[in-house]
Amino acid sequence: MHKFLALIFLSLVVGCNNSQNLDNTNYDDPIPPESGGVLTNAMIGEPNNLIAMIAGDSASSAIAGQIFNALLKYDQNLGFEGDLADSWTISDDYKKITFNLKQDIKWADDKPFTCEDVLFTWKKVTDPDTRTPYGSDYQLVSSASCANNHIFIAEYDEPYAPALETWASLHILPEHLLKNENINDTYFSLNPTGTNFYALDEWTTGQQVKITTGQQVKLKTNPNSVHGRPLLEKKITRIIPDLSSQFMELIAGNIDLMNINPIQYSRVFPSRSELNDKINLYKEMGNGYTYFGFNLKKKPFDDLNIRKAISYAINKEEIINGVLLGLGEEITSPYKPGTYWENKSINKISFDVSKSRELLEKSGYQLNANNIYEKDGKPLAFEILTNQNKQREMTAVLIQRRLQDIGIDVSIRVIEWASFVNRFIKTGEFEAVVLGWSLSLDPDQYSIWHSSQDGPGQFNFIGYNNPRVDTLLENGRKELKNEKRKQIYDEFSKIIYDEQPIIYLYAGYGLTAIHKKIKGVKKITPPAGVFHNDYEWYIPKKFRRNEMSL
Amino acid sequence: MSLAGLIIILIIGVLAIFAGYLSPFDPNYINIDAILLSPNEFHWMGTDALGRDVFSRMLHGAQISLLVGIVAVGISTFIGIILGSLAGYYRGIADTIIMRLVDVMLSIPSFFLILAVIAFLTPSIWNIMIVIGLTSWMGVTRLVRAEFLSLKERDFVLAAQTLGASDFRIILTHLLPNSLGPIIVSTVLGVASAVLVESGLSFLGLGVQAPTASWGNILTDGKEYIQFAWWLSLFPGLAILITVLGYNLLGEGLRDNFDQNT
Amino acid sequence: MIPMLIGISLISFFIMHLAPGDITSNESAFNPKASEESRQKLRELYNLDKPIIVQYGLWLKRIVQLDFGSSFASHQRPVLWETKDENGNIKPGLIQKALPITLLINLLTILLIFSISILLGTIAAIKKNKIPDRIITLFVFIGFAIPGFWLALILMYSLGVVNQVLPISGLHSVGYEQMSKLGQIFDLLKHLALPVFISCLSGLAGISLYVRNGMIEILNQDFIKTARAKGLYEKKVIFVHTLKNALLPLITILGLSIPGLIGGSVIAESIFAIPGMGKLFYDAVLMRDFPVVMGILTIGSILTLIGNLIADLAYAWADPRIRRGLVK
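Chains as they are written, first to last, in our numbering: chain Y, 3 to 552; chain H, 17 to 278; chain F, 11 to 338.
Quick caveat, the hints were computed from the structure, so don't treat them as lab data. A few of these clues could be false.
Unchecked claim - Below, computed lysine-lysine pairings styled on DSBU-like, alpha-carbon distance capped at 30 angstroms: (1) Y/518 with Y/496; (2) F/60 with Y/428; (3) F/60 with Y/543; (4) F/191 with Y/236; (5) Y/236 with F/200; (6) F/200 with Y/280; (7) Y/236 with Y/301; (8) Y/544 with Y/521; (9) Y/222 with F/200; (10) Y/236 with F/107; (11) Y/544 with F/200; (12) F/200 with Y/518; (13) F/107 with Y/543; (14) F/60 with Y/222; (15) F/191 with Y/222.
Let the hints inform the model, and build the full structure from the sequences given.
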């Protein structure tokens with residue numbers, strides 16, 4: 003009966019493979035670049051507002067990033083290069099940055115781009131009436147001015163090292179279109195005009211322009227693009243809120259690329275040869291890391307020995323193999339491995355059970371009758387909180403097992419994100435968490451580690467307080483010479499690692515699946531990621547989908 | 017028909033009650049070497065994305081689904097009997113108010129109501145049971161009231177009243193036992209419906225929370241790997257289908273039975 | 011009608027205050043820059059500092075004017091209807107956009123349930139206890155018992171990925187705007203096919219059974235025997251007489267199943283990413299977007315009331331006894 007049912011089920015699910023086998027195209031054919039073609043991808047959220055400084059959500063910034071430019075951008079090796087700026091100089095006292103803007107650049111509506119636009123944008127982002135969470139970085143600019151139409155000068159009271167990064171993330175807005183608008187509430191947020199490769203491709207007669215009709219965002223090439231025309235004529239981003247549906251769409255050929263998880267990368271794809279015939283997989287260093295965080299304001303986590311003992315008791319390699327199927331790395335500093343700021347000189351805390359026991363006993367803990375460590379009658383027990391995320395759940399369980407083996411009683415609670423943040427993180431009502439941060443490109447870690455940042459809703463919610471680290475973080479922001487800066491942050495990351503306020507667990511790889519019909523993707527992914535040169539991608543005519551005059 | 021239903025329910029009930037003994041593995045045991053294995057001799061229903069044995073999780077899921085179903089229906093039946101008795105026996109103002117309340121509750125889509133309440137509290141198995149219970153008492157209320165209305169005028173009730181029996185006694189010992197038929201049918205069918213609601217909620221992530229296994233949340237995992245791990249999608253869905261079918265068959269069969277008797 | 015509305019508003023209001031803390035403290039964003047002042051502004055807007063009776067009164071006053079506030083999560087978009095500001099910029103209302111889609115799905119569902127269940131129920135009644143009846147009864151029971159989201163998954167995969175007959179998710183295909191009117195309708199139907207089918211299923215099962223039983227009962231009644239005895243054709247007997255009589259309660263039953271349909275839209279729309287009320291509600295619940303949750307709860311209930319009203323009117327119109335009574 004079992005088999006019969008399975009058979010029926012399988013026949014529905016596996017089905018007549020006719021339609022799949024119709025795709026006998028050989029996508030591996032090398033074909034030189036041709037312009038035209040439409041790329042279809044997907045995202046889970048819907049953009050609300052294409053003025054990135056106001057929007058704050060990743061869906062909006064992703065689309066806005068295709069439409070606007072900043073003064074600087076990251077090159078393929080994660081250094082800085084000019085985007086709207088041709089070149090820039092920093093004064094000797096590090097308090098003045100002079101940007102030489104590119105000339106002959108036009109907005110998508112043919113009006114010229116000038117320094118006025120940059121000045122206007124800066125004024126808006128620092129305006130207290132503008133509803134933006136990002137103003138503080140730009141408020142550090144004591145004065146901004148235009149020497150002429152093509153030279154923008156930003157002056158700071160004190161040297162601010164992360165400045166260049168801030169100028170690489172501020173989308174420059176057109177002054178001539180926005181000067182009379184209320185930036186918090188303008189048609190421009192849904193109908194923007196930019197300078198980058200693409201422009202919004204939705205026109206309806208009348209005032210109201212919708213970004214999404216049928217949940218798609220359509221972009222078409224901007225003929226005035228500052229970098230020249232990209233090869234792909236249009237980009238369509240479908241809004242598919244569910245990752246499993248996205249994967250189904252990828253397999254069915256309805257979208258051309260997506261980010262995939264380790265199981266899809268190592269188990270699903272290798273088992274389906276017809277998938278590998280049409281899709282290429284790319285692996286690159288990811289953008290975030292997962293950690294085990296202690297609430298430093300609760301005992302016994304204020305004891306360094308306990309924290310270290312727990313760190314020794316956790317087998318990080320096992321976690322990477324189990325959770326990421328090996329597709330990740332251990333880290334010892336909060337910076338992207340392979341980049342300049344990574345501190346390679348730190349010795350890892352290895353998996354060492356005896357060391358762990360030694361430290362526990364040093365702190366006065368003894369194994370009791372139940373084989374749990376106990377001190378003054380209190381057993382060593384706590385609860386790990388994490389949110390609904392398969393990888394984090396699995397990580398928490400593997401940690402629990404290792405700690406249970408040694409003699410620490412650990413329970414786990416998985417909480418839905420909204421409750422998690424509101425009831426436990428913001429209130430400080432937690433003992434330990436498994437969470438993640440992003441791997442920053444600029445080494446500044448002030449908002450996460452400075453002792454002043456531990457208010458409710460702020461990022462230093464574990465309550466870290468070290469005066470030396472405070473000083474280092476403050477100095478690091480002012481030091482513009484890279485070598486000196488590296489020394490400061492090397493010391494910073496060494497102290498953090500020595501004190502183990504969090505245990506770095508892993509940094510997972512970014513895994514992307516891209517259909518073979520998209521050519522021009524670099525085979526060896528540069529540090530900036532596989533999407534770095536997407537303006538060079540193209541789809542040869544014979545692989546293009548049957549799109550009615552799109 | 018009801019016999020078939022009864023057999024199904026008993027089998028599942030036994031499996032659920034003895035889930036702990038019958039499970040070959042701990043349902044929450046993560047095994048990183050056994051990720052997404054198809055059914056084999058060790059794992060009769062395969063493993064999931066964390067290497068957990070699906071068969072064991074299914075057994076424990078049965079426990080959860082039945083627990084939720086029974087407690088939720090218990091709550092709703094309890095409320096329904098009380099309100100229905102009051103409305104049917106006393107009539108007048110009590111009846112009007114109670115029936116208005118029933119109408120109001122019936123016009124709010126119950127799934128919306130359940131989701132809204134869970135949004136304001138936190139998703140947990142107890143909240144679900146209580147919320148489902150608090151949103152499904154209307155049917156029982158109406159049934160009990162209808163039965164009371166027809167039974168109230170009968171001789172044996174009038175006799176008891178003349179003899180001076182208290183209202184409470186009359187309701188408890190005379191009226192209720194004679195209304196049991198529809199109440200039982202409603203209870204059985206109610207369990208079926210509660211199981212469906214619970215699995216739907218768990219599927220959406222707002223029901224039974226991980227890592228506790230529920231048929232609904234096993235399906236959520238199954239969704240991600242449907243083309244690769246068919247076993248994660250087949251078994252939980254089938255289990256829900258069979259369980260609900262069983263209760264429906266029993267309920268409908270009993271209803272036919274009681275209808276014939278009237 | 012009015013007491014019902016008051017009852018609904020009371021229950022909605024009560025639910026709103028179930029949450030520990032107040033609704034402004036539940037922002038799920040990890041945003042240290044969300045200031046205390048904006049929270050205070052929200053508190054004032056929702057009158058959270060006043061006694062609860064006053065709060066209810068004020069809230070009711072706003073609801074009556076159809077002002078459901080602005081969404082927390084979607085950048086202050088109005089919950090119900092679009093707002094026009096001084097510059098003439100229109101901000102589309104959330105429910106305004108989502109409602110037509112859900113209504114369309116529910117309308118199609120009701121139509122399908124109505125027509126198919128009459129067909130199935132009639133066949134089952136005529137061929138009572140023979141093979142067609144048994145098959146239909148089996149189908150009915152399975153339809154009752156099958157979890158909609160499971161069937162949705164299976165169909166989505168087998169018809170969308172493996173056999174690529176229907177789209178996998180969403181409401182429109184890429185290139186929708188370029189299609190002809192006919193093409194657009196066809197495209198819409200293709201996308202709605204599975205959600206409507208899933209919504210139909212349990213309703214179909216129940217009502218087919220009801221039609222069957224109703225027909226059987228009527229077929230046994232005297233006036234039918236009379237008609238048969240008079241020698242009227244079998245078909246005419248069935249269609250004209252029994253159907254009309256069996257149909258009346260059907261309208262009421264359909265009316266009663268409306269809340270189930272509206273509520274059931276949550277699962278169907280979430281799975282197929284249809285931007286209707288169900289999905290809007292689900293997203294709002296996940297993000298604790300209370301104005302939207304309250305708005306949909308209230309609107310959903312009002313819709314049900316309207317649906318029942320229509321069903322009552324349709325019943326009155328359809329029942330010749332009532333109609334004649336009115337005319338007299």
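Would the hint linking residue 107 of chain F and residue 543 of chain Y be met if the CA-CA limit is 30 angstroms? Outside the cut-off at roughly 38 angstroms; violated.
What's the verdict on residue 222 of chain Y and residue 200 of chain F, does the C-alpha distance respect the 30 angstroms limit or exceed it? holds, 27 angstroms
Is the hinted pair residue 236 of chain Y and residue 107 of chain F satisfied, with a Cα-Cα distance of at most 30 angstroms? Holds, at about 27 angstroms.
Restraint status (C-alpha distance of residue 544 of chain Y to residue 200 of chain F at most 30 angstroms): OK: residue 544 of chain Y and residue 200 of chain F at ~27 angstroms, within 30 angstroms.
Hinted pair residue 191 of chain F and residue 222 of chain Y, Cα distance within 30 angstroms: Measuring from Cα to Cα gives roughly 24 angstroms; hence the hint holds.
Proposed proximity, residue 428 of chain Y with residue 60 of chain F (alpha carbon, max 30 angstroms): holds, 26 angstroms
Would the pair residue 544 of chain Y and residue 521 of chain Y pass a check requiring their Cα atoms to be no farther apart than 30 angstroms? holds, 12 angstroms
Taking 30 angstroms as the top limit, are the C-alpha atoms of residue 191 of chain F and residue 236 of chain Y close enough? holds, 24 angstroms
Satisfaction of hint between residue 301 of chain Y and residue 236 of chain Y, Cα-Cα up to 30 angstroms: violated, 57 angstroms
Between residue 518 of chain Y and residue 496 of chain Y, does the CA-CA distance stay at or below 30 angstroms? violated, 44 angstroms
Can you confirm whether the C-alpha distance between residue 60 of chain F and residue 543 of chain Y stays at or below 30 angstroms? Distance of about 66 angstroms is beyond 30 angstroms: violated.
Given the hint that residue 200 of chain F pairs with residue 518 of chain Y, does the C-alpha gap stay at or below 30 angstroms? holds, 28 angstroms
Going down the numbered hints, you'll see the structure goes against 1, 3, 7, 13 and 14, while the others check out.
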